[in-house]
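Bring the two chains, given one by one in their own frames, into a single complex with the hints.
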Amino acid sequence: MVHTFAVYVENKPGVLNRVASLFRRRAFNIESLTVGHTETPGVSRMTVVVDTDEYGARRLEAHLYKLVPVRRVEDITTAPSISRDLALIKVAATGEARTQVMQLVDVYRARIVDVSPESLVIETTGTEDKIDSLLEVLRPYGVIEMVRTGRVAMARGNVPSRRAQMRVRSGSDGRGDVSDCSV
Amino acid sequence: MTLTGAQILWEALVREGVTDVFGYPGGAILPAYDAMLGYPIRHILVRHEQGATHMADGYARASGKVGVAIATSGPGATNMVTGIATAMMDSSPIVCITGQVGSKLIGSDAFQETDITGITLPITKHNYLVTRADDVAPAVREAFAVARSGRPGPVLVDITKDAQQGTCENVDWDAAEPHLTETYDDALPGDGTAAEAIEFINQAERPLILAGHGVMLSGAEREIAALAERGHMPIAVTLLGIGGVAASHPLNLGMMGMHGEAWVNHAIQEADLLIALGMRFDDRVTGNLKTYAPTARKIHVDIDRAELNKNVRVDVAIAKDLRTALQEWIPAVAQRDRGAWLARIDAIKGDAAVRDIQNLPDNGHLYAAHVINDLWRLTSGNAVVVSDVGQHQMWEAQYYKHDRSRSLITSGGLGTMGFALPAAIGAKVARPDAEVWVVVGDGGFQMTMAELATIAQENLDVNIAIINNGYLGMVRQWQEFFYEKRYAATPLLNPNFAKLAEAFGIRAATVTKRSDVAGAVEAARCQNRAALIDFQVEQEDSVYPMVPAGADLHKMIRRPSPIVETAAD
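Chains A and B, in that order, are what the protein sequence lines are. Residue 0 is where the first sequence starts when you use numbering that gives the first Met the number 0, and the numbers rise one by one after that. Residue 0 is where the second sequence starts when you use numbering that gives the first Met the number 0, and the numbers rise one by one after that.
Check each hint, because a few of them may be wrong.
Said to hold, decoys possible - Partial list, computed: chain B residues near chain A (C-beta under 8 Å): (1) Leu2; (2) Leu120; (3) Pro121; (4) His125; (5) Arg147; (6) Gly189; (7) Gly191; (8) Arg304; (9) Asn308; (10) Val311.
As the list claims (entries may be wrong) - Below, computed lysine-lysine pairings styled on DSS-like, alpha-carbon distance capped at 30 Å: (11) B/Lys64 - A/Lys65; (12) B/Lys309 - B/Lys554; (13) B/Lys554 - B/Lys498; (14) A/Lys129 - A/Lys89; (15) B/Lys309 - B/Lys289; (16) B/Lys512 - B/Lys289; (17) A/Lys11 - B/Lys103; (18) B/Lys498 - B/Lys512; (19) A/Lys65 - B/Lys309.
Source of the hints: derived by calculation from the structure; they are not laboratory data. For every residue, glycine included, the Cβ atom is placed at its ideal position computed from N, Cα and C.
So here's chain B without its partners, still in its complex pose (with noise of 0.2 Å):
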């Protein structure tokens, strides 16, 4: 049977499992375009590029599926360049197909023609760029499976017009199977041992278990558990790692770094053992490298060897499949008690509990952190929350208690503002069943915002919750500690976002009161379809604990005594 390179372009993504693509057409991706209506795959019509990646990429962390996003040439690829490198440092599996000029044009500065393999090489696993239509199968066959395999991440397949238009006889899809050099699960030397890593287990007094979003992609949630259970040993997580072991685990302590809670940085401080698993030691959770951790021997399991001994030198590097891994420890470690070492984490405690915000009386102000703890209690922290950057990520981060694994979706390594909108538009697509969140501050939806209209077009339930404070909170927050209150460039002179999102068709609410917050969020629950809900919160707030960037992990700015806090009141 004879196909054209845009009818292959689509059996091969059909083959590949893939049900929804996220894009935007243009004329040299046209061909591809209009194969597509010939296939059972639902298009979802972004309104920028960069959209479309992010929203790949929110379908594939919701999902553990490959995303898949798809542009033209020239400007509709380099708009994506954002979101593949937002995928690239948070490791999702995402395929971004985009047009390119006739082969023949290449290199004339057509128009509409960029060099979008070039631009993205250094922010992609791989990339390829297809010339004839005999190449489009196998291109994207490798391009799923590199996507796929390792550590995962974004692929870009650029496909010329003339490509998409010729035509193939007989395709072979067999000979298109991937070949691909695999070197993780493959020991070298100077690789530590599963016996070193139990060893080490059995013989720490103060182990502490440091789980990234690894546990997540290498679906290691319950044998992480089942370690921690068995030796008795307390878990640190990242940002990414949130939900690859519930918040309500006994032994899970809460997030680590920057603004992770006092106590777990203090434990990281003081353990004489860290397990570091599916993790990178990024600077936001270590602080300063040379104080970090100074007690501690370190075994760090990663299915990238390039990660191993990078930030922090480490005494057992371990390059595998972390679930792998974890199923030849779990019998070898011996089952102990550490009620001494999980008594000392609670001493360090002290009065965290008094300082927690949560436990302030009402005293008429909205507090971000109010919000989004009653946004948890109201949602019976079953949502799958999408947050933006900045601080309300990082309240996101500390009063939502995620019990389910991908139930955060968050921009971390990139720190991509705009990325929540669209990722949460993803994420509904990918998991039509789930209740789906965004939270997202008022900078960080205006730089995405334009998406509202797609949410509207496909008529999805996703909920907007804008945390409303006027400012590029966190930039101010920095000005604020660091820069003696100078407030440059950082307030904001927003839109009326209820009327805006009116004038989408979706339904909104403002909300200034704590008392009002319950009623917004369940009239948003209660209806099938969209809402927004713009929370203008206290202006001046900020997000404590803190580790001055660079500093010592141990040292950071704790949350003012409630007598300071009444004080100022």
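One chain only, chain A, in its complex shape (with noise of 0.2 Å):
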């Protein structure tokens, strides 16, 4: 099963590198990682997704909190969630086919950003599954380069995570929510 986590860490030099070590000598694979800054500066949040049962996934939650720099851990598998992956997609599209390319990244919602004589750049974001399928219907007249950012993902509402619940109930924060992730 494909378990999502969130991960927060110190946005210090080589994390990136320990992280990714972890997954690497304990065996897990990798689907897809990303990192970027958080609403707290000093904070940076990844979001990995790995293929692994359950007791994988609580393995690698608490090898994950053995990292020094981690500061919290979500498994946002199973709660609801809004989950999003971007893509850029150079198609190649002259004459009838780049009318045809253009009504399609209609259809999806997605956008041209770049137009030159002999291709088109496509800009979509959505679910891997949407992303996926453009793809699908845009392969005939020629994908020429393509990049995809991987899953970032949110819980949805004021929903606390596992590890938040925990600590309003250990009375050690009380707010429970992103917040307690500021250093």
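Here is the structure:
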């Protein structure tokens, strides 16, 4: 089963290496990994997608917590959440084909962000399914180049994470949601 | 007050309670060595940086304090790798300090530059690259906190030369206080509860406690004995769990696993409840996982949540400090008589006593098992024994009966040959009043024997028993059992160990007969300086019982019966 983790880490040199090295040496396969800043200065957030079973997911969470720069881990696999992937797709499109591609882009609510005599660059955001599907219909026209960001994900509403629930119960923090990741 | 980074380093170490460090100087760590002279620290000059890490490790295991090793950049740092990995596998708290080339030279392939934080990333709990004098104090303080906390382990602090030379005004020691995200002792959904564990224990007819290194790391020696006594439950120990429960305790069955006693492994296979405490179900103790303890429910307590449900799926998994957990359980554990179960284990023992090599008459051969058993008797079981890796390690575990906590120091997880001699030096420095014996094979001894010079220079009273069979014995045994006696690269042509020791100014003896064992051991004991004894033992002797790697735990190769033994002679 594919698990999605949100991992809050201190923004220090080498942190990505520590996390990636952990996955490698414990023989977990990363499906995708994204890193970026969060609302808290000095804290970055990774979204890591891993194919593993329930026991593996729990061990992975425990291993992540053992890394000193890791502040918080959320397994948001089962939580109601929004996940998005962004893709830039360069398609060969001239003449008749160009019109057809532009119609498809409309249908998928994607955008054309670059036009050249031989090709178009399409930007699209959405779930991985949607992007896969768009890619499938564009393929016959000739996909010259493609880049995807990998999944970023966020829990919906004010749903406290497993760990945040625990913290509220133990009374060490009291707030329980995203704010307790501040260092 | 203005301090250099080098001074801050030593000040920080002193504040952590450090009194002894093991190290080897070099270019990139020279500023630190120069500043060392101003601080109340004993520095033990080693002969190889691997030795420094094993010494720090032995120091930590003997005392429970954090051991410290120090080395220069490049080769000094890379020589530490084996010792760091050893400490990682056996949860030993050490802090390694390494010099690094100047921060402006990093990445330029400068002389003696190596990316030691990169190299040690997977074998440390954490590591630091410090490039400014201001960062020395926080890094050292956090390093000690990380090394000690939760499941202990090694931490490396790499300090550039300019960070050692740079200055810092008014170091704020309070601001350097570490802030760590502690996760153990907090229950997560999916974790078991004390109530479930107690219910399982009280229901069990054939419970068995599996005690590991965590018993000592957590300081739960009294609690584990109290739990066993209250519930009238037998205990089996892992190699690193030896000493956590007294060998003479009537409920202590002995060591489990590949070279564990047959009745211990059979008891595991017949138990209806395993209570695994501070152990991690290593492949050397479980054998084939598919057939492991098939009738038992399982409770597992470990401070490291990542160990739970790793090798063996358990029914109650608790991530908690062991001592805290047991204190919570004990009052609720029902006092029960489990005489029938203990009688069953006695019955399993069967003719084991007859097969015991200690009960064989002296036939003129010198057996390693005899040497170790004699050593136990002659030291009244009070020595701190530091064993290396191989056959002698298993015989030590079987025939030296450890009644005291932290009295056996050995490399279990990584199985590092060459560990014993330097680790014993560390143990002796940590506990100068303890009688320290190295039990080491002729192969492992030659891996780190340069540290004899350290013993001589520091005038340390460390006694060394070489169990010399002229082979890499455990590998030879595997070749005998599983490779049709094709002894590829296992016979050793050894130097004269006694003469070698004498060259270092260490008194030495060679023993070839059982009747000479006691005299040699007594002679070594009665002087206040190091001694080495070369015990030239039976060459093709094997360790029994043995569960072949990956085999079912109950399908072990038993000791030959005495009748066969006599016939062979």
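For this structure, which hints from the list above don't hold up?
-> Failing hints, ascending: 1, 5, 7, 10, 13, 16.
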